[in-house]
Structure formats: structure tokens, C-alpha cells
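This is what each chain is made of:
Number of protein chains: 2
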Amino acid sequence: MTKPAVRVALLGCGTVGAEVVRLLHDQAEDLTARIGAPLEIVGIAVRRIGRDRGDLPVDPSIFTTDALGLIKRDDVDVVIEVVGGIEPARTWLVEALRAGKSVVTANKALLAEDGGALHDAAAEGGADLYYEAAVAGAIPLLRPLRESLHGDRINRVTGIVNGTTNFILSSMDSSGAGFAEALEEATALGYAEADPTADVEGFDAGAKAAILASLAFHTRVTAADVYREGITEVTAADVASARDMGSTIKLLCIAARTVDADGAESVSVRVHPAMIPRSHPLASVGDAYNAVFVEAEAAGQLMFYGRGAGGTPTASAVLGDVVAVSRNRLAGTWAPSESAYAKLAIRPMGDAITRYHVSLDVADRAGVLSQVAGVFAKHDVSIATVRQAGHGDEASLVIVTHTARDAALAATVDELRHLDIVRSIASVLRVEGDD
Amino acid sequence: MTKPAVRVALLGCGTVGAEVVRLLHDQAEDLTARIGAPLEIVGIAVRRIGRDRGDLPVDPSIFTTDALGLIKRDDVDVVIEVVGGIEPARTWLVEALRAGKSVVTANKALLAEDGGALHDAAAEGGADLYYEAAVAGAIPLLRPLRESLHGDRINRVTGIVNGTTNFILSSMDSSGAGFAEALEEATALGYAEADPTADVEGFDAGAKAAILASLAFHTRVTAADVYREGITEVTAADVASARDMGSTIKLLCIAARTVDADGAESVSVRVHPAMIPRSHPLASVGDAYNAVFVEAEAAGQLMFYGRGAGGTPTASAVLGDVVAVSRNRLAGTWAPSESAYAKLAIRPMGDAITRYHVSLDVADRAGVLSQVAGVFAKHDVSIATVRQAGHGDEASLVIVTHTARDAALAATVDELRHLDIVRSIASVLRVEGDD
Chain A
1 MTKPAVRVAL LGCGTVGAEV VRLLHDQAED LTARIGAPLE IVGIAVRRIG
51 RDRGDLPVDP SIFTTDALGL IKRDDVDVVI EVVGGIEPAR TWLVEALRAG
101 KSVVTANKAL LAEDGGALHD AAAEGGADLY YEAAVAGAIP LLRPLRESLH
151 GDRINRVTGI VNGTTNFILS SMDSSGAGFA EALEEATALG YAEADPTADV
201 EGFDAGAKAA ILASLAFHTR VTAADVYREG ITEVTAADVA SARDMGSTIK
251 LLCIAARTVD ADGAESVSVR VHPAMIPRSH PLASVGDAYN AVFVEAEAAG
301 QLMFYGRGAG GTPTASAVLG DVVAVSRNRL AGTWAPSESA YAKLAIRPMG
351 DAITRYHVSL DVADRAGVLS QVAGVFAKHD VSIATVRQAG HGDEASLVIV
401 THTARDAALA ATVDELRHLD IVRSIASVLR VEGDD
Chain B
1 MTKPAVRVAL LGCGTVGAEV VRLLHDQAED LTARIGAPLE IVGIAVRRIG
51 RDRGDLPVDP SIFTTDALGL IKRDDVDVVI EVVGGIEPAR TWLVEALRAG
101 KSVVTANKAL LAEDGGALHD AAAEGGADLY YEAAVAGAIP LLRPLRESLH
151 GDRINRVTGI VNGTTNFILS SMDSSGAGFA EALEEATALG YAEADPTADV
201 EGFDAGAKAA ILASLAFHTR VTAADVYREG ITEVTAADVA SARDMGSTIK
251 LLCIAARTVD ADGAESVSVR VHPAMIPRSH PLASVGDAYN AVFVEAEAAG
301 QLMFYGRGAG GTPTASAVLG DVVAVSRNRL AGTWAPSESA YAKLAIRPMG
351 DAITRYHVSL DVADRAGVLS QVAGVFAKHD VSIATVRQAG HGDEASLVIV
401 THTARDAALA ATVDELRHLD IVRSIASVLR VEGDD
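From first to last, the protein sequence lines are chains A and B.
Counting in the UniProt record's numbering, the first sequence runs from 1 upward without gaps.
Counting in the UniProt record's numbering, the second sequence runs from 1 upward without gaps.
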């Protein structure tokens, strides 16, 4: 006995959407066996019907420009959204979820901006909301965070979640090139878009950080809660400085749980470039790969690695979700919606606990180190290592601190900048991965 | 309104079992929020009630030696099995599943030997069978294979799934020690058991390979289907030889899909030591860590990394499963059982496609290379690289082949062994990770 088909509406038919259509067709037999019923695309909403989409294996008559009309059709069970952006995607998905239709989306911007609206609609309609493709592309990461690690307690998530910036930083590290040159190469190779702002300024990573933090800490975290610093200011000198320390620079998204002296818990979520030791599992993640390092109380250290972007990997993640929600529908159930019971406070960046690496050019005379060290002490920042090298009447000091409040570290650097004996500050970088 | 508790029976209270009890107690509040109902341990079956188990946070009166009686109690919803071994575990779990009770087990030996019996019982009773802890401890790996990658097609799984052997090989690699010395160190540090046979002979990795292959290829694979070679024959010379090639030696479990010229698919599943290039993501997996590298058609390359053993990591994986099955119970559903629809044929080892690295001591005279190369050609094995180094009247040849049937490679080495001009074969190792 074959069960009736699970009927799918696809919103958007760009690179990822077209790949979803192809995979649904090419793997129809497998998917049917895995779900227990066939999948059928009953409609595809696009902005312009006539556009050339290559040779897609679907009846051209199912294309429509009326997305909302498609979503409302009685014969739609599952809605796949690969359009992106906040509106009209939010209106569409809220409509679908309230009507009890399962939603699979790759829309990280919407989830990070207003995931709550979607989760509320899913709870209201009794429907599934799955979004594995929204973070780290094909890497099965959200499902483990949502489900497998539910018996555990996550303390920290550190990720490389933007392929473009990882490509640029990897290339600066291997070739010694500056940011502009490496960006040019990334653009030429198709790793960076014509307008690379969302990637190089950390907006994309920031959205993903919000989604990861929400899942890891059972707390609603939005993009606005995430401290964000891009990689445009990273110089060849910074990269060389990191290399001298046996480290490399990565754009990290970090979501960390902090427990105060009085036992109160809070979360800090941030995206910024940081030095990590080359021995750290994240250091060897090269090219446009993504990886997410999770530290959990019982499970210990875990890492998930794979391709973070691209039509096929993203479509693979979408399809994995489609199988899950289809099975749920056939079983007459849906996964528990958002888990936001912990409601932890979000710490501002100034309260985040970080470490700094500061490289200074100073006058080479007696008492300089003592004066510089005094500034750190004044701000209650403890120094881990100092290296001093004299050349002519100048000397360079490379200082790595122990952990401290980020605001104290920033204030220290600010004061150093105004010190007479400090000729220039060559490099300031946060340090992650050990202490 | 609080829902009634999900009632748990625990079979076994050794290292992992005791840690499960502790975590269930310490994280009771979190678990209740995540499940939507509290968890309650109603009974713990052990061999001897009086044994000192430290200070466990449970009423001592719930211990029993009658496991079967405990499983059959009406007030048991979920059965956790951390006893291990084939019998009586199989009888217990089949009984539980047939009665519709959800089972969470870490029993890799049983799953690899007769997983079919458990899956059949689960289907019969309409119950969940979860076993994340059976492979790669705390790493959420089986759930992604079972669920997230369901929209994809896996072509190959390559894993380091035994912590003891990885510790030994990592230590041989870093110190140059021989196997016996490295094993002694592992035993002293608690990484190897008093009788290390199951680990060093590859039985443990073989069981895990069977479980991974079953999930990846939707085919029932048992431990008996897995070709198995341990690490006891790996010498310091082999490790040095690998190092010369920019490689390292790992005990790998490999499950690969092969498509014949006529389109027929089959699977080869094997465990043996192999050389992999140091640039491969698996090469940097050190100490007792585990990692599994997955190659899928759409998702591309993925890697999962983390702690493979230990009471707390294993208990964490068990608890993740307990949360999942408890939620399913509250929703009145259960996950789809085994997916074995593909029923691929298992290729014998002789038909597996592998590469060899062979290091020979030969007489240093004209025509030797030609004679040696002739033996490879006779068996249709194509040579990728040869390095020759003369010393005195002897020379050494290091030959790396292209891929070929394992039987042809083995026959080639066998014939080389009997060649007059071959003084000795210093090292024969399979090569993985590139071609």
C-alpha cells in the first residue's frame, strides 16, 4: 500500500531552490523509501516566471508569482522557503505555520531577526519549523544541538560559520597577502559576492551566532544581541604577529555561558576576528569550510566540520529536514518547538570575558616596560606573557593578557595609545582557544 | 499542569550507569523542561545489590537483581541498557521492545551481532530503539546519519572509532615507540584495559563499523560482514615509513559504496590500520579522541569529532536519547525503526578497492626495479610512485600503488616475497585519504 504523497510548495527557485528540485527528482525512489510516501512538488513561487532556470525536471505550469496563494492551497503540506530576507518571507512562513503546514527554511536573517514570531506561529498551528540549512550549510549541527545534546549542558559554542571570510583569512595566512588583495582573489574565485559587506563585516556570522546561541542556551537571542566586528581591519601585520605566536586568525562566532560569583547565569554572544593556537581543532579549518566547536558539560569537546555554503550542500540540508517533517506529518506529530525556557540574560560585550594580544612600538629606554605594565595593572588586567625586542632607539613589545572583562581590556589599550612612550600600536587582537 | 513522570528502568550500574543516575539527578530541572515531564528512575537492575557504588542519589530500595521482572513492570516506560554483551541483554531488550517500551542502549556488540532482532522487536511493539552511545561515545553521529542526511546519499564513511588504538598509534607517531611499549603506556594511563584484545585486534572498531555501515547504506551489516585487522603488527618502522611519506598511521573503519560497471551497487566494510596524509582532517585526531569523516553526494565532506569513550561522555549520549524517546512517548509516537530497504550486497575484502604502500629491501643491481615492477603489472596493479635509495649492495624501494582490488594487491605482495632479488619486505600498509 502506498501512502498518498506529501505535497510540497517551494518558495524561491534560485541556486538552492533549483538544486532542491533536482535532488527531489533524482533521489525520488530513495526519498520515498525513507519517508514511507512519495514527495510531490505542487507549486513553485518565483518573482518572474519566464526566467531561464536551466532544465528543471518539473512541469513548467506549477510556477506561480502568487506565493501567498500557493501557501494557502489545501493541497500543500510542507512549505520550503529559500528566498531569504525578512519580508515577505516572515508573512509567508507565519501564515503557513499558523495553518499547520510544516516549514523548512534556510533563512538565517529572518530566524536571527525574529525567530520568535516563527516559533510562536509553529506552536500556535501545531506545525514543524526546521532550519538546518540556516547555519553551516550541510553540516548536521542544529539537529544535534536541538536533540542529541538535550541531556547535556552546553557551556560554549565557538564556530567558523562564514566561508567567505574563512577563505580570505586562510589565504592571508598562507600567502602573507593583505585584506584587500585576499578579498580580490576571493571575489575572482566566486567565494565573495560583488558586495561582500554581509560577509566581511560579520553580519552573516552574527545572524548564525544568534541562532546557535538560542539553541545552545535555550534563550531567545536575536541578531541585535550579538556584538559584531568584521575582518576588514585585519592586516598582514596582524596575521604575521599571530604566526609568530604559533597562532592563526579566524573570524569566530562565540556564544558562552558565564556564571557569576553569586551563581547567576548569563550569555555573551559575539563575532570578531581572534587569534587561536594552531593546535586548536578550528585552526586547521581552511578554505571556505565551516566548523563548529561545542563544549558541553558531560560530552566534553565536540566538533562538526563541513561545507558551509553552496547550492548542493544547502539543498542537502533542506532535504534532510523535508524528510524529517514529512515523517512527522505521516505520524501525525510534530517536533517540540522552540525551547527558550532558560531565558538567560545577555551580557553586553564590555562584560564578556576575553583575552587580548597587543603589539606595541615603544621608545627603547629604561622604565618603559614598567610604565606599560602599570597601565594594565591599573585596569586590573593581568599579563600572561611579554616579549620585548629592541631595534635601534625603538623596541617592540608583544603582550598577551590573561582573561579579563572586555571593557577593561579595551580601556587599557585606549590608555596605552595616549602614552608618550608608545610610538604606535601595531596590532590588537582578541585571543581564544586557551588560557 | 505537570505531566506525569516518564518512568525509567536502568539495566546495569557500572561506570556509565552510575553517571546516568548522577546526571539524571543533577540536571533534573533542565531535563524536565526539555521533555515537558519529569524523569523518574523506578528501578535499577544489577548483578550484586550490595556492591559499593559510591554515593548515588537514589533510594537504595530500587536496586534489584531481577532485570526481567523490572522490565515487565507496568510502571516502566523507558529501559536504559548499559550492561553490554550479547546475552542476557538481547533477551531483555527484545522483551522490552515487544512490550512497547522505549529502549536506549549503548550495546555496540549486540547491535552489531544481531541488531536485526532488536529492530524487528521495536517494529513489532511500536517502540523506540535509540543507541547514540554505541558508536563514538558522546559525538552526535548516529542521529545525523539516521535523520539529517536522509535527504542525501552517503558514499563513504571513514572513522577513527576506537580511542585506545588511537592513543597507541598517536603515541607511536610522536615518540617513535614500538607497539608493545605504547600499549604499556596506554595501560598505565588507563586508556587500555588489562586484556586489550577487543581494542587492539579491532573487534570493538569492527562492531562500530557494522553499525555505521547499516545506517549509512540502509542495509543490514553485522560484525561478521566486517573485514578486520588490528594494530598489533604495526611496527615503529611502519610509522617511520609513513612519516617519510608525510603521512601517519590510524586504525580506520571504512564503509564504502561501490558501483560496478553495470551499475550494481555493493558495500565493503573493513577495519585495518592505514596510512593517511597529514593534511587529512582525520590525521590530526590525537590521543583517545574519535572522529568520523562522511562523504555524501550532496553534502560533500563532513566530519564529526569528540570523545569516544568514558563514563560521562557516554552517559551524555544516553541522556540525549532518553530525552528524545521520552518526548516521543509524550507525543504518542516513535521514530521510524531500522531503514534497511537498500539491501546492498556486501563485497568480500578481496574485492574491496584499496591502495598499498610497500617498502622492500632489494639487491642493488641493474634490472631489479624492472623485475619488481613486472610483478605489479602481472597482477594489473598500477604503480603511483617509486622511491629508490641505494646503500651498499642493498637498496630500498618504496612503492605506492594506485587503487586496485585488495586481492590483487595482496597477491602482488605475496609474489614479491618469493622473488630472489627481494631480501625482505620491510612494511606493507594500506593507504587511504587520497588517490
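Rather than coming from a laboratory, the hints here were simulated on the basis of the structure.
It is possible that some hints are incorrect.
[Said to hold, decoys possible] Listed next, the in silico DSS-like pairs over lysine-lysine satisfying Cα-Cα at most 27 Å (straight line):
#: 1; chain 1: B; residue 1: K72; chain 2: B; residue 2: K3
#: 2; chain 1: B; residue 1: K72; chain 2: A; residue 2: K343
#: 3; chain 1: A; residue 1: K72; chain 2: A; residue 2: K3
#: 4; chain 1: A; residue 1: K3; chain 2: B; residue 2: K72
Checked hints:
1. A distance of roughly 23 Å separates the Cα atoms of B:K72 and B:K3; the hinted pair therefore holds under the 27 Å criterion.
2. Of the pairs offered as hints, the one joining B:K72 and A:K343 is violated, with about 40 Å between alpha carbons and a cut-off of 27 Å exceeded.
3. With a C-alpha separation of about 23 Å, the suggested pairing of A:K72 with A:K3 holds against the 27 Å cut-off.
4. Of the pairs offered as hints, the one joining A:K3 and B:K72 is violated, with about 35 Å between alpha carbons and a cut-off of 27 Å exceeded.
Hints 2, 4 from the earlier list are contradicted by this structure; the remaining hints agree with it.
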